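Visitor: What follows is each chain in one-letter form.
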Amino acid sequence: MIPELGTGALLVALTLALYGAVAAAVGARRGKAALVESAQHAALGVFVLVTACILLLVYAFLTFDFSVRYVATNTNLGTPFYYRITAVWGALEGSIVLWSWMLGLYTLIVVLRHRTSARELYPWVLTVMLSVISFFLLVMTVAAPVFARLSPVPGDGRGLNPLLEDSGMITHPVALYLGFTGFTVPFAFAVAALVTGRIGDFWITTTRRWTILAWYFLSLGLLIGGWWSYHVLGWGGYWAWDPVENAAFMPWLTGTAFLHSVMIQERRRMLRLWNLALVILTFSLTLFGTFLTRSGVIASVHAFTQGAIGVFFLSFLALVVLTALALIAWRWDDLGAQGALDSIVSRESAFLLNNVLLVAAAFTVFFGTVFPLLSEAARGVKVSVGAPFFNQVNVPLFLSLIFLMGVGPLIAWRRASLDNLKRNFVWPVAAGAVAALILRVVGVRPVLAVTALALTVFVAATIAVDLLRATRARRAMGERALAALGGLLLRHNRRYGGFVVHLAVLVVAVGVTGSQAWSVHTETTLQRGEQTELGGYRVRFDGLRESQESNHGKVTGTFTIVGGRGAGEVLEPAKKFYPQEQSPIAYVDYRLGFVDDVYLVLGDFARDGSSATVKFQVNRMVSWIWIGGLILTLGTVLAVLPERRKAA
Amino acid sequence: MACNGGASERRVGVRTVVLVLALLALVATGAAAQPPGPRVDEEQVYDVASQLRCVVCQNLSVADSPSEMASQMRVIVRERLAAGQTPAQVRQYFVERYGDWILLLPPRRGFTLLVWLAPLAAVIVGVAIVAVLVVRWTRRRPTTAPPPLDRAMSERIRRELEQEP
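Chains A and B, in that order, give the protein sequences.
One point on numbering: in my numbering, the residue at position 450 of the first sequence is 450, and numbering is uninterrupted.
One point on numbering: in my numbering, the residue at position 112 of the second sequence is 760, and numbering is uninterrupted.
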């Protein structure tokens, strides 16, 4: 019953989406408001139907309806209640349903918000959004049918990928997909601007909050992905430069570039072509990432299945890129309006350089990710391009970007006078230099770590200088210190929201630097009662115990921290044995700290519990990365608040 | 990143099985041949292992992978370092058996030099384009020139613009 209902709903939704896309376009061409209104209703219908599909799927999972193949492959009778709901998007087919649902949701919000405010662009925005949804609905019905039947109906399902049995399953994919799909909105506005010929600044100012939100969710998705990797995957780190991570990171890089370059257009009416290109690139990269990781071209933990889906995504990607290029070529004469700058030393230059570096980083990640494919196709030789490569190549780029992060917000628009430079940068540069000196004296050896931390101090000092100066100005007008600071943040919320986000990036950068430079690792086999020492922590092995959970068996090791920091705390890393998996799943345990994380992974063990091998790591400053995520959230909220400056 | 099982390991092919067997044989002979040496620097073991690909995983290094295979490979790394080999020699040992594919850092020669040069080229070309544009744009004054102001006024405007946070 469920499969038929679901498939039916999908087909109707697909028809409605296609109709709506055409109706909105025709309505816009012929100036018929009734048709556009009809397209709005279609959008609402699509959203309701896709919501129904999700609910049907949830119902099928909760009732163990193994006649649905997707349910049978991703759950079994032992799967706990909570994970039966998250299993809805635990594999390819379902994740595309979630994706479509979010697109539907965004489309509705666009309808509500921009129906009247963006009269001319709006119908075309609707056309683009509904076309994109149509594509995903088509994938859901043809290439990856989520409601495909399974017969004969098995007595029990195969079970969810054990790695997905984690609370992160609700936050990580949702945030990441909200980010991915979010970029559809600025993309749709860009296309609408090209179609209508209104390629001025309107589409940019209208989509500013959309871009920030999409960027924020993508950032959050990446950070939560890092946390998941750190506490579930059990390899001891948070970022592996895995193709899927790269696939999400590329649009983040170009999206970051876009976020900055639109400011130049708002301010100086330049870079129209570049901004269009960037948003098209960002949207295309979200599709490309999906293609790369969902088509089985590149093997990865996230690569669910192989099949026709790759062809679908590649064709759609080609369609998107060609259409966008054709539109740009059509409007070429209007886009040709060239820029004019007053001086090389200006904020404009800093932003341009930031864009070059971000796009170069995106290209680096792209090339490194596809290079093994290229090599095999061109030379028939298998090569690996792994984490050490990406780290080496990207570090100089990221360090330069951090430097620009300090320069950009404080250097003057148009022309930076010597006075402007002195006023803003003497103290921060001094602070950075002193920090570098202190770090050397204290005995910090890695040059990279010293450079990164000194740059971080420099940027933090630029933010402090700006805040202090502005607060002092307000205090001079008689406000109290805290009120002055608060008023500043709220009145200039856009600017200071940006600063807070920069601060978050700095905190993450410190975490990454620290963990790369100072984490220590060891691996050792311990007899029961034996101790081992690493990075100031002593750990004693106290034995093993076996247990049977609802859908797997588990062997848990008991390790106690003895003496020194964290004395008496017990860590219990385990190995989980799932019947549907050939090899056991490591279940790590850790003690998180502001500076040190004690991190244990259970390896081999003697059956009688007399000895066990353990991977023992003291990871440094990793917590800063998660704290950075919280600050990022604050900054984003501040940045998207309605501006009060004009009202004041 | 999957060596914890998951979808990826189900696709492990015959080739990999052969590799595993070959390596296991290696471990057996290696372990027999070398007496337990002096204690080695575990950070060095980690460094070398993090540059080698775990042969049964998708995208994890030997250092990070929780798989059986990777732990065997770490044993080899540890033993060879203990026997006095340099990190380069240990890497070479694995390259001789698996080819360059085992290295997560593609060698800077031949075809794989390309992957190193491309980012560099991207940055150079990008910066060059921006440099040319900026120089060209600064030559051209803004076309919509504002009505002329006297010096004092324009100085004041500039000053106030800069005061703006």
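FYI, nobody ran anything at the bench for these hints, they're computed from the structure.
Note that the coordinates shown come from a computational prediction; the quantities given were computed from them, not determined experimentally.
Any given hint could be a false lead.
Stated by the list, open to error - Far from chain B, by Cβ distances over 12 Å, these chain A residues were calculated:
| id | residue |
| --- | --- |
| 1 | 37 |
| 2 | 266 |
| 3 | 366 |
| 4 | 378 |
| 5 | 383 |
| 6 | 386 |
| 7 | 397 |
| 8 | 554 |
| 9 | 562 |
As the list claims (entries may be wrong) - Stretch-level coverage of chain A by chain B, calculated; a stretch enters the list once three of its residues show a Cβ under 8 Å from a Cβ in chain B:
| id | region |
| --- | --- |
| 10 | 106-120 |
| 11 | 133-140 |
| 12 | 189-199 |
| 13 | 318-326 |
| 14 | 593-605 |
For glycine and all other residues, C-beta sits at the position ideal for the given N, C-alpha and C.
Visitor: Count the residues of the region 318-326 of chain A whose Cβ falls closer than 8 Å to any Cβ of chain B, and tell me whether that reaches three.
Guide: n = 0 at 8 Å, threshold three: violated.
Visitor: Mind verifying the non-interface call on residue 562/A? Its CB should be farther than 12 Å from each CB in chain B.
Guide: Check passes; 20 Å lies beyond 12 Å.
Visitor: Hey, is residue 266/A genuinely clear of chain B, shortest beta carbon separation above 12 Å?
Guide: It holds; residue 266/A is separated from chain B by about 15 Å at its closest Cβ, greater than 12 Å.
Visitor: Taking the shortest Cβ-to-Cβ distance between residue 383/A and chain B, state whether it exceeds 12 Å.
Guide: Residue 383/A not clear of chain B: closest Cβ-Cβ about 5 Å, inside 12 Å.
Visitor: Given as covered by chain B, does the region 133-140 of chain A meet the bar of three residues or more with CB within less than 8 Å?
Guide: Answer violated; 0 residues pass the 8 Å Cβ test.
Visitor: According to the definition I'm using, a residue is off the interface if its beta carbon is farther than 12 Å from all beta carbons of the partner; does residue 366/A meet that for chain B?
Guide: violated (9 Å)
Visitor: According to the definition I'm using, a residue is off the interface if its beta carbon is farther than 12 Å from all beta carbons of the partner; does residue 378/A meet that for chain B?
Guide: violated (8 Å)
Visitor: Please verify the coverage claim for the region 106-120 of chain A: does it have three or more residues whose C-beta sits within 8 Å of some C-beta in chain B?
Guide: violated (count 0)
Visitor: Confirm or reject the statement that residue 554/A sits farther than 12 Å, beta carbon to beta carbon, from all of chain B.
Guide: For residue 554/A, whose nearest Cβ neighbour in chain B is about 14 Å away, the distance exceeds 12 Å, so it holds.
Visitor: Evaluate the condition: distance from the CB of residue 386/A to the nearest CB of chain B exceeds 12 Å.
Guide: At roughly 3 Å from the nearest Cβ of chain B, residue 386/A sits no farther out than 12 Å, so the non-interface label is violated.
Visitor: Quick one: see if chain B covers the region 593-605 of chain A, three-plus residues with Cβ-Cβ under 8 Å.
Guide: holds (count 3)
Visitor: Does the claim that residue 397/A lies off the interface hold, with its Cβ farther than 12 Å from every Cβ of chain B?
Guide: Incorrect as stated: the minimum Cβ-Cβ distance to chain B is 7 Å, not above 12 Å.
Of the numbered hints stated above, those contradicted by the structure are hints 3, 4, 5, 6, 7, 10, 11, 12, 13, listed in ascending order.
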